[in-house]
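Participant: Residues per chain, in single letters:
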Amino acid sequence: MAALIEALDPEVRVAIDDVDRTLIALSLQQSPWDRLRSASRMAQTLARIRDATASQGG
Amino acid sequence: MPRHPKAADLAALLAALGDASVEFIVVGGAAAVLQGAPITTNDLDIVHRRTPENVARLLEVLLRLDATMRYDFAHRGLRPTAEMLAGKGQINLSTSLVPIDPLCELDAGQGYEELLAYTRPMIDEGRLLRVLDLPTLIAVKTKAGRPKDRVVLPILIATLQERDKANE
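So the protein lines, in turn, are chains P and L. Take the first sequence: its letters are residues 1 to 58, numbered as in our numbering. Take the second sequence: its letters are residues 1 to 168, numbered as in our numbering.
The reader is advised that the hints may include incorrect statements.
[Claimed, not checked] Cβ pair distances, simulated, as ranges:
| # | chain 1 | residue 1 | chain 2 | residue 2 | range |
| --- | --- | --- | --- | --- | --- |
| 1 | L | A20 | P | E6 | 39 to 45 Å |
| 2 | P | G57 | L | G126 | 43 to 49 Å |
| 3 | P | T45 | L | A117 | 34 to 40 Å |
[Unchecked claim] To be clear about the criterion: a stretch of chain P counts as covered by chain L if any three or more of its residues have a C-beta under 8 Å from a C-beta of chain L, and this derived list gives those stretches:
| # | stretch |
| --- | --- |
| 4 | 26-32 |
| 5 | 38-52 |
Hints are computed from structural coordinates only; laboratory data are not their basis. All C-beta atoms in this analysis are idealised placements derived from N, C-alpha and C, irrespective of residue type, glycine included.
Looking at chain P on its own, in the form it has when it is part of the complex (with noise of 0.2 Å):
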């Protein structure tokens, strides 16, 4: 783990403390497939909205 941190730049390094760690407590609760299914609905959702968005011209 040492290693792989000291591989990254700063900045990189900074941002871990920043990281919501309560969202991957979530995710570990759930099992490898809905963590899967609920990455790609979100993904979907947004890309849905940024399509629809630009199809407004906004």
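Could you slot chain L onto chain P? The hints should help.
Facilitator: The following block gives chain L in isolation, referenced to the frame of chain P:
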């Protein structure tokens, strides 16, 4: 733009590959998600085994899912071929499920066989998946150093830390 739409299901694509006995390693964002990283992803990056038999199995699934090249701006509906899948490059495909990028090698000399030792087997819903482990994924993204990798690296490190903590 890719003509394939909306009915996206990453898990269904993985299931289709698994049901056809395609040998592959999940890499990229999906590998991170499967191991608990709270990020979104809607495509599948895989490194597949490049034996003729496995390439044929993969190609059969891709063609059944109406796979076409994503970066074909003339919209010719170009299909993947066995030669492409047996080569060394990366293929960007749109399918009737979700986009999939079969990578012949993750990096030079990092094909399926070389990466196998760095995978984590995951069994869920009766299916065995081989997923590139988080330390290797972090090392790959650190080396790549692209903005999109740098954004996700802190989340991957934190996920690894939390997972290790939970396993103590």
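Participant: Now look at each hint and say whether the structure bears it out.
Facilitator: Structure-based check of each hint:
1. L/A20 with P/E6: 39 to 45 Å: This hint holds: roughly 41 Å between Cβ atoms.
2. P/G57 with L/G126: 43 to 49 Å: holds, 47 Å
3. P/T45 with L/A117: 34 to 40 Å: At roughly 37 Å between Cβ atoms, L/A117 and P/T45 fall inside 34 to 40 Å, so the hint holds.
4. 26-32: holds (count 5)
5. 38-52: Held - the stretch 38-52 of chain P has 8 residues with a Cβ nearer than 8 Å to chain L, which meets the minimum of three.
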